[in-house]
Each structure stands twice: as C-alpha cells, then as structure tokens.
Amino acid sequence: METFFLIVIVLLIFLVIFQISKASEYVSILKGEEKAMKQSNKINGFLMIAFLILGLVGVWYCNKLYYPGNLFSWGAASKEGLVIDKLMWTAIYITGSVFFVTQILLFGFAYKYQYSDKRKALYYAHNNTLEFIWTSVPAITLTILIIIGLKYWFKFTGDAPKDAQLIEITGHQFAWEMRYPGKDGVLGRKNFKLTDAAMGNPLGIDWKDAASRDDVHVPTTMYVIVNKPVKLVIHSQDVIHDVGLPAFRMKMDAVPGMPTTMFFTPIYTTKEMKEKTGNPDFEYEIVCDQLCGKGHFSMKGIVKVVSELEYKAWFRNQKPAFKKAQEAALSAMNEAEPPVEAEVTNELALEK
Amino acid sequence: MTNEEALQQHSQVTQGAAIAVHADHHHKQSFITKYIFSTDHKMISRQFLVTGIIWAVIGGFFSVVFRMQLGFPDQTFPWLETIFGKWAEGGRISQDLYYTLVTMHGTILVFFVLTAGLSGTFSNFLIPLQIGARDMAAPFVNMLSYWFFFAASIVMFSSLFVSTGGSSVGWTFYPPLSALGEAAEGAKAGMDLWLISIFLFIVSQLLGGLNYVATIINMRTKGMFMTRLPLTIWSFMFTAILGILTFPVLLSAVVLLMFDRHLGTSFFLSDIVINGKILPNEGGSPVLFQHLFWFLGHPEVYIVALPAMGITSEVVSTNSRKPIFGYMAMVGSFFAITTLSMIVWAHHMFVSGMNPFLGSVFTLFTLLIAVPSAIKVFNWLTTMWRGNIIFTPAMLFSIGFVSLFISGGLTGIWLGNATIDIHIHDTYFNIAHFHLVMGVASMFGMFSGIYHWFPKMFGRFMNKTLGYIHFWITIICAYLIFWPMHYQGIAGMPRRYFDYSNWESFKMFEGLNTFISIAAIVAFIAQFLFIFNFFYSIYKGRKVTEENKNPWKSTTLEWSTPALPGHGNWPGEIPEVHRWPYDYSKGDRDFIPQTEPIGADEGEH
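Here the protein sequences line up with chains S and E, keeping their order. Positions 1 to 352 (the numbering used here) are the ones given, in order, by the first sequence. Positions 1001 to 1605 (the numbering used here) are the ones given, in order, by the second sequence.
A hint or two may mislead.
Said to hold, decoys possible - Straight line, CA to CA, 20 angstroms or less: simulated SDA-like cross-link-like pairs of lysine to any residue: (1) S:Lys35 <-> E:Met1508; (2) E:Lys1507 <-> S:Phe282; (3) E:Lys1277 <-> S:Glu177; (4) E:Lys1507 <-> S:Lys118; (5) S:Lys22 <-> E:Gln1527; (6) E:Lys1507 <-> S:Lys22; (7) S:Lys118 <-> E:Gln1527; (8) S:Lys31 <-> E:Trp1552; (9) S:Lys276 <-> S:Lys319.
Claimed, not checked - Some chain S residues well away from chain E (every beta-carbon gap over 10 angstroms; in silico): (10) Thr3; (11) Ser21; (12) Ala164; (13) Asn227; (14) Lys271; (15) Glu275.
Since the hints were derived computationally from the structure, they do not count as laboratory data. Glycine included, every Cβ here is placed at the ideal spot set by N, Cα and C.
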C-alpha cells in the first residue's frame, strides 16, 4: 500500500511539473522569446550562485558529520601508514585548494557574466602567457608529488626489514588462512596438487620438506607483535583476492599461482586501539578488496596486535599443522580400516 | 536489395554538386529502408541514441536496486520478487543477483550507454554535418556498426535470463573468477553470453571508428582545413583513434578467456584448487589478463570522456557568445590525452602484484595526464570569463560537466599516486572518483549534446523548463551521492560489498548508505523528466521553422542545412568554409557563420 501511494505521489508531482513546463512554454511564446530568455536566465544565474554557496556549506557539513570517527581520522596504525597519511594530507591540501578556486571561478563566472543587454562578450581567442602558466604550474606541482610519492613507493614495495616476522596468508572463497613458520623461521614448501582438506592438508603443504613439520596453521585470525615489522607472503587458492588492511593503510592482491608480498609495522596493540577509538568492539579487520564471488563481502579476517609476551604465550599453545594432519589421516584410516598402527599412518601422511 | 539501393543512391549523391539536387527528392523509401536498415548517418545516430537511452534506463534501474540493498539491508521489498523471481525471494535480493546487477550496471553504462550511446550518437550525427559531407565515408559499414551494436545488446539482454543468471564477476571480468564456472553462478552460461556480446560490441566499435576517422580525414568540404574543425570533430576523431587502437586488445583478452573457459588452455590460470577440486592448469597468469583488459579499460574512460569534452567546448563557446579560448591548446591537449591515455593503464594494477618498478613508470605518466586535463578546465573557465552567458539547458549541463570533471579529476591525482593508491585502491573513494569524472560527467556531456542538437535531430524543440528542472535535480543528486563517498573511501571501505553490517570499521556509515541510496533513487526518477521530454518533444515539441533554424545562433555548418535535412544534408551544393568555427562577438557581429568569407578589413582569429 505504501509503495502504491508513493508511486501515485511521484506521478502527481510529475504531472504538475509537466503542466507548469508546458504552460511556461506558451507564456514564453506570448511574451516574446527574448523576454522569456532573459527571465529564465536570471533565475538560472541566481541558482548558479545559490548552488555554489549551498554546495560549499554542504562540503563543510559533510566533513563535520563524517570526519570524526572515520577510520582515517584516527591516524594510521602502522609506521608505513603514517607516511601514507602524510601524503594524503598533502594531496588534500593541494587538490582541495584547486577545487575551491576552480569551482568558485566556474559558478562565479556563470553568475557574474550572465546575459545582459549592456554587456558585449570579449573576443578573446588565445593568450600564450596564460597557456604557458597553466601548463607549467600543474606540471611542476605534479612532478613534486610524483617524486615524493615514488620515494616511498619503492620503500614500501621493496624488501621487508631483516627482523620482520614472516607470516603466510592464503585466501580462498571466502576465508583467510594464516601459516606461521615454527622455530626454524622457514615456511615449508607448498604444492597446490597436494591440497587435501580431508587429510588435514587444506593448504597443500609438502610434508616432505622438513621445514614444514613445525609450521602452524591458524584460520582467520593473525597474531602479530606490536612495533615489530610483519612480512606477509600472500597466496590465493582459487580466484584473486586482496589482503586489505585499512587501519594499517596497506593492501595487496592475492593471486593464484603467483605469491605476492607486503610488509608493515603495527604501532598500536588492539587493546590500545580500543582505548584510542573509544570502541570496545574495535578490531583490526582484514577486508577482501578484490571481487571474488558472491561471498566477497563476508571474507573477513582479524589482525590481533599484541605484546611480545602475549604473542609467545599464544604461540606456545599452537599445534603444528603436521601434527593435525597426522591426526586427520589417522581418523580417516580408522574409518576406512579400523585397526591401523600409528607408524603406517605417519608414513602415509608423509607421502601425501 | 534495399541496402544496395541506398548505397547507390548515396554514391550518386556524393558525386558532387551537379546531381546534388538529387538529395532533395529521395527514391521512394519504405519504412524499413528509412527507419530500420537506413544508411543515413542521421538516422543511424538516432538509432544509437534511442538504444542508448533504453540501456541507460535499464542500467540506472539496476543501480537503484543494488543501492536499495545497500541502503536498506534489513528491509524487504516484495515487488522485487515480482520482477526478479527466485533471485529476490521474499523481496530480498540474493547475493548472486546483487553481483549480477553490479556487473551489468558497469557493463551497460560504460559500453552501451557512454560508448555507443554518446560517441555513437554524436560522431554519427555531427561528423558529416559539421565537416560538410553528405554522409559517412562508408554508409553501409556505418549501418553495420549499429546492427552489430544491436546484436550485442540482444545477446547481453538475453544473458540476464539464463537459469544461472547474468555475469556476476564485475565489468572488469578478472579471471580466474570469470574463467571458472565453479567460482560463481554468474560465471557459467551468463558469462559466455556476456563475452559474446562484448565480442560483437567490439566489432561494432571498430566498424564505426574506422568510418569516423576516414570521414574526417577525407570528406571535409572545401575550405574546411583541419584547423577549422569544430572541437567536437577533433574529439570524435581522437575517440575513434583510441577505440581502433585499443579495442582489438580487449578482443584478444575475450578470445583467450573463451579458450581458457572451454578449450582447456591456461592463459590466465595456474595453481587453482576450487571447491576441493584440483585443476590441472599451470603456468598461466591472471595478471596478464589485467594488462590486456586495462590496455583498453583505461583508454575506454577517455573514449567516454573525450566526446563529452568536445560537446562541452562547443556548447560553452556558443552560449558564452565568445570564441573558445586556446583552440590550438585544446586540440593539443586532446592529442596529449589520447597519447598518454594509452600508456597509463597499469595504474589500475598498482596492488595487483606486478613489478613495483612498473608501478613507478605508470605513476609518472598518470600524473602527467592531469596536465592536459587542467589545461582544458582553465580554457573553459577563460571562455566563460567576460562572456555574455545564455543559460540554455545545454549550457547548464556543460557547466555541470566542467564542475564534475574538476571534482572527479582532482581525486585522480590521489589515485594515480601509487603510494596513496595502496590505501584507497578498490574503495568507495575510487567509486566517487570515476563516477564523477567519467560517469556522471560524461552523462552530462551527453545531455548537453542532446539538448543542444535536438532541434537539428528531430526538427522540434525540447521543453526548456523541464530541461532546467532536470539539470538542477540531477547535479544536486550527483553531488549528494558521490561527495560523501570520499569519506567512506578514506576509511578504506571496500567496494562491491553486499552488506557492511558485519564490519566494525565501517559501521559508522550505515546512515550515510541509506542517505546515498535515497539520493540515487531520486536521481533515477528525475531522469524520467528528461525521457518524457525527449519522446514527447519528438512528436509534439514546438517545430523548428526555416527562420528559426539556427536557434542558438551558432557558426557551425550543421545549422546551414534545412530545418530538417534529408539524406544528403544539403539540398544544393555543399557550402564552402572560409573561417574557423568560433567567431562569436567578433567586431560588432554577434556571430559569423563559417560559410562567410573573411572581410577585407578583418583578420583571421
């Protein structure tokens, strides 16, 4: 019923507008086109300046509503992000001032130079000095922006710091998986053809590589240490995903068949951020930033930034993925052929 | 063969003045040869326009539906089930449908409305009329161009009706998502039809583009030097050149993707485990596809924007009663944009995993392309400065175009900077940017063109008051929709999400999402003011008379034809051109048509 009334109201409004418009056309013929043009010109000229002023008020009001509490307004939560924030502020100042100047000129000119009998338009076809100014000034400004931008671009996309903690993150429809190297600090080899979730190897880890035996697999949540760089090695199992870390200002695609990397240094623990934002539910969220299918919007991960002590306590409780795979293989065997000795299972799991 | 007949008639007509009288009394034309399989560039242009408008309504409607999901995620709308059936059970659109709508909105608006509807309409209509030719260089090929577009439209439309739904992988159709039916419902049969449709569309664009360039180079009337071309024509020429050089690359991507889908090749596939199934493909590169796609994908935004810039230049100059400022700089910046736009494509791929060194090269070129864009804006502003501005609906939309182009263009400086892009890539910031700069802005260019050339197209006037109301509602809504999205963007809110309620980081935007959706619905409804005005005026609008056949007091050639020109455009000889097209307010004259010889005491501009 509500929809019906809405439609009727819209149609009525339309009808009124059409009638007015038609009437105004007849009036303009009666009055003479010249006069009607002048009248509508006046109205539109006024609307131009009104739009400019209301628009500027709107810009201010929108900022008032949506800047405080915005994730950007908290400042970046990573060392690298702080630099990106600084670059963004530079961009805001430069493009912002150009925005205000040009929009004011545009609508201001439209208002000021609206048609008048008394004025004659100036025949002004070119001026090389002016052209030179507005070619060279933007070119120089942009060059400066490019130089600053690229300096950091090479830094952020270059090698991660030597002391960085290595974590592998793998995306699949529609979840994230983390893998930590064990004490050896090396991630074991992977081969997608070994993937077998039923046998406890959803990531396709090659157990033949000794380095893989102490790797730890944790779904969804990533634990990292505050103030210590993190190096992510990013994989995808099916389609392209993207590890997006808005609070750290970082992002990198997960591409099947082509591991990518990214590093960042968190500077606030999750707990500190909860206080800083005044939001007890605050979490560092991992968003998927590349359309990956119908569950794209639900592909959420969490980064827990903790102190080194907390991290060690947490890591001690993790079971290596290899152990889990053994158990899975064992129970699979038990289902198939109940009495099987543990050693055999072990070997089978190794071959897998 | 009616087509051959038409072709023959055309060739006779173009043979020259001696038999030009011929154009006056046509061979008897049946309904089919006049309105359907017509080789008259003006009819083909009208076909492009009407088809484009129909697509715009469909594409716009899709955006309304997915905005309803975003704005009112908890509400149900039973009428949606009436339309979409099983895809919107209980009045809530499904995730699959949501992604189909998003994909189709992008595809339809970018390709079918802003490429075919804008450049197809105005290139066809204005090129022969403004350069002084009787028709295109190859009218039959021109007709084919429309009919390939029509075929593409039919295939695209029918793809919405297959049981697994239309394509839902985004208009950028990145594999492996678009290559594997297992990855999404919308990557099954709907995707095949989508690819076939794009294939046909590319054929249409190539046929059209070759024709536009050939016509502009070869068929200008006497005295119409390249430096005397209206800027519209320059923009259409560069648009066509861009299309010819880049669409074939997209074609290759489409064909290779088809091979990957059906012939077991591995161009874009490697190391994939999907739904527990291990695929045999090894060695392919999804990033390769992105290079192929964006090699067209980026120039595509200029294919969309250049004609709007051309139209704006023409309309701003005419209605400011002033010559366009810096004609050669305008042509030069068209050239610069065309060249640079072909070497900036990978700025869409800064975080795709490609070599970071490439990223630096593409940052450089991307920020450089801002220079010719800035030149254009300052030139439009100077054209208005000390003018005597008449606010026709076309002029309003052109001013709107400049405003939106500034707003959206400036944020391009953020996104083009690779380091900043790391944070705002694929967020709402990006949506705000490209909708303002090439989406809404180009729509404004298209509206401006329609309001301006409607009298020439249909021999009648559109209602001005409706035009004014249409403009003010549309520009206000455009800013209400896309301005606040910048705030969502800097917060890192990702695009193409079905629902944000589960995300702590973006909860503060719940109210804003509703607000944007309402603004989008109002904007959509307001477009019916235009659509009604358009179709009503075709039949019932005030007639253009011979005395009033140059209503905007324009200098260009198209206004020297009869009020409603027939096939062949000029009944007698094609007029000769003696001056550039921007002699407004020169000396004590309000305007001097291009056909008037330069006086003894008068210098060229």
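Okay, the hints, checked on the actual structure:
1. S:Lys35 <-> E:Met1508: violated, 51 angstroms
2. E:Lys1507 <-> S:Phe282: Since the Cα atoms of Lys1507 of chain E and Phe282 of chain S sit roughly 11 angstroms apart, the hinted pair holds (cutoff 20 angstroms).
3. E:Lys1277 <-> S:Glu177: holds, 18 angstroms
4. E:Lys1507 <-> S:Lys118: Between Lys1507 of chain E and Lys118 of chain S the Cα gap is close to 56 angstroms, so the pair fails against 20 angstroms, i.e. violated.
5. S:Lys22 <-> E:Gln1527: Holds, at roughly 18 angstroms.
6. E:Lys1507 <-> S:Lys22: violated, 47 angstroms
7. S:Lys118 <-> E:Gln1527: violated, 37 angstroms
8. S:Lys31 <-> E:Trp1552: Given pair Lys31 of chain S, Trp1552 of chain E holds - Cα atoms ~19 angstroms apart, limit 20 angstroms.
9. S:Lys276 <-> S:Lys319: Distance of about 34 angstroms is beyond 20 angstroms: violated.
10. Thr3: violated, 6 angstroms
11. Ser21: Non-interface label on Ser21 of chain S violated, nearest chain E Cβ at 4 angstroms vs cutoff 10 angstroms.
12. Ala164: With a cut-off of 10 angstroms, Ala164 of chain S remains clear of chain E, as the shortest Cβ separation is near 17 angstroms.
13. Asn227: holds, 21 angstroms
14. Lys271: holds, 15 angstroms
15. Glu275: It holds; Glu275 of chain S is separated from chain E by about 15 angstroms at its closest Cβ, greater than 10 angstroms.
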